[in-house]
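Undergrad: Based on the sequences and whatever the hints tell you, model everything.
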Amino acid sequence: MATPFRLKRSAVTGKRPGLTDMQIGELAINFYDGHLFAERDTQGVGIGTTVALLTPWTENFGGGSIVYNGIVTATSYHGNQVIGTPAGGFKTGAFTISNSDHTKDSINELNFILGKLVPSAPTTFNGLSLSIQTNAGNRRLCAGFTPTNNTGGSAPVAGTQYARNTDSTVSTGTINDVGPGDNGTVTGFVNAVGVGTIALDTNVNNGTNGALVISDNKDASNSTRDSGIAAEFYQVYDVRLLNAASPDGYNLAKLTHGSATTNSVYWYEDPSTVGAPVISFSGVSEPASPTIAYSSGIAHLTESNNNTFTYVLTVTNASGDMYTSSTLLSSDGNGNAFANSGNKSYTDFAGGANPPVRNYGVGAGVTCLISSVPRNIHTTATTNKFTRYDVTTPYGSHNNQRINYTPALNIMGTSATTSQVDEDNINVSGTLGTGSGNATRVNAGATGDTPSPVSSTFNASGTPAVYEAIVRGGTLRHDTTNYASGYYPAGLNLSSGRTGNQYFQILLTRGAVSEFKINVTGTYAGCFVCLPENSTWTTGLSNTNGWADMSNAYSGAGNPNNADNGCALGTVMSGSSGSFTCVFGEQSSSNGNNKILIRFKLTSGQSISTISFQAT
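Mapping of the sequence shown onto the working numbering: residues 177 to 792, in sequence order.
Calculated from the structure, these hints are not laboratory results. Just so you know, even glycine gets a beta-carbon here, dropped at the ideal spot from N, CA and C. Hints should not be assumed to be uniformly reliable.
[What the hints assert, rightly or not] Ranges of calculated distance between the beta carbons of each label pair, as one might list FRET restraints:
hint, residue 1, residue 2, range
1, 661, 790, 38 to 46 angstroms
2, 575, 595, 26 to 34 angstroms
3, 527, 573, 21 to 29 angstroms
4, 342, 661, 47 to 55 angstroms
5, 606, 527, 56 to 64 angstroms
[To be verified] Within a straight-line C-alpha distance of at most 30 angstroms, the following computed BS3-like cross-link-like pairs (lysine-lysine) qualify:
hint, residue 1, residue 2
6, 292, 267
7, 771, 693
8, 267, 280
9, 292, 394
10, 430, 394
11, 292, 280
TA: This is the structure we're talking about:
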């Protein structure tokens, strides 16, 4: 039967019943202290049977609070526990505490203050850029096909430049000194596939898992990325992907550490097997109705669109999956005869577009018409006449290719030049006497060093006399060339009857000249000077028809004469380059209608590239 319920009482302060005072099922009340007791049977566990205080606290009069002296043990606590007053009172510190403050509020404030003393955590992956390391540079994606997209995101766009790879493995650059280096899990991804995972702890976590490499795991106080972190708070590490598998097509890579993620980097694994590009040429088409100019009777091309030469250039293997740039052909500049015909893009080729289609020019080459106009120069071009071209694709290059054209090209620029020999524009530099204008070629008159002087106009388009030297391509030369063969434009045959001395006679019209400099570059057999309309001069030099000799020195007094016909002051002209002074003694060009004749003699193999005159 159940034990009857009994209630015992006491009014003595501090009175606590003992085991002998109570039975199981009885309650004892101390009315003075306001405490309730019961006998507790633990069934032999621990201390066995004991009297337990059921109300271990004291309620303050009026309620509102309770008092407990001792230790409280609880698995959780909810409420606003008053902090109370410590022994000795509150000390001055980081913040002011009142005995009525709640413990949870004080702990929160203390945590806030301590947080200000803790150094900032090292940089995480968030916002950091991951760089991709591929083996084939950056190239553009061709049009006309659907590339494999392994990323699960937006497809690659034709014409856009991507990192290119060809060996089926990729690596990334190293991200240095990131954290936290002592907890969490780092994972590397290629597309959606994890290619390596490493869990971090407080130890040194250097190592490799798959393609993921962690190195230099260290205390954050040694970080170069985030300087000033105190020791023993955090760790940092370096990380990269090394030789991760790269499937054909468009791919991405990224790194994660918990919720932190790097940017995604993209590349294209190019499976193309196309060969290197090759440049080839057709034959050259000459102009149908060329514009011709003449020098010494020799036909020259001018700088004119009427003189456009054309040829067809073919490129084989112009693209694969990718291409390099919109410029397929790169020009190396002017040729020796023709102006730069310029770079050529894919759109300059038959059926070409920008971006080009995949495998453009593979199997059958693609063609481009090249047009070339003569340069504004005076020259005879025998080699390297046309623009030289390079072609580069992701699959190789073919460089320094130039079409061959056998005939020599005689070219006379539109602009007169004084840096070469120009029959109608022989340079007079600076101020020389009175008058203006450059010197011009006139007829040599006859063979021989000192014929009767003439100054009649030279016909540049006519057939020159056998004793007339030839100005061709800006160079004065002793010439016996057959221009009817091996030259363009075809011209005169000068191979017959011209082996003797040849002469080049110049009219310089200047007043008040008693001496002047002759500047010459090249080789020659003689140089003679005459004042043809100065009777004193011609009479004194009657044995030479008025010609003084620059290969002989001036006597130093009077005029050059039959006994001493030298007119060179200082260095005489001996057939080589230099600057030489010609003197008229007591005479002046003003005494002979301002006319001065200069006559050069050339023998086989001799030529002159520049002639000019100036004041001394």
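Undergrad: Now tell me if each hint is right for this structure.
TA: Against the structure, the hints:
1. 661 to 790: 38 to 46 angstroms: holds (41 angstroms)
2. 575 to 595: 26 to 34 angstroms: holds (32 angstroms)
3. 527 to 573: 21 to 29 angstroms: holds (22 angstroms)
4. 342 to 661: 47 to 55 angstroms: holds (53 angstroms)
5. 606 to 527: 56 to 64 angstroms: Given range 56 to 64 angstroms: holds, Cβ gap about 60 angstroms.
6. 292 to 267: Given pair residue 292, residue 267 holds - Cα atoms ~21 angstroms apart, limit 30 angstroms.
7. 771 to 693: Holds: residue 771 and residue 693 sit about 16 angstroms apart, inside 30 angstroms.
8. 267 to 280: This hinted pair holds, its Cα atoms lying about 19 angstroms apart.
9. 292 to 394: holds (24 angstroms)
10. 430 to 394: OK: residue 430 and residue 394 at ~23 angstroms, within 30 angstroms.
11. 292 to 280: With Cα atoms ~19 angstroms apart, residue 292 and residue 280 stay inside 30 angstroms; holds.
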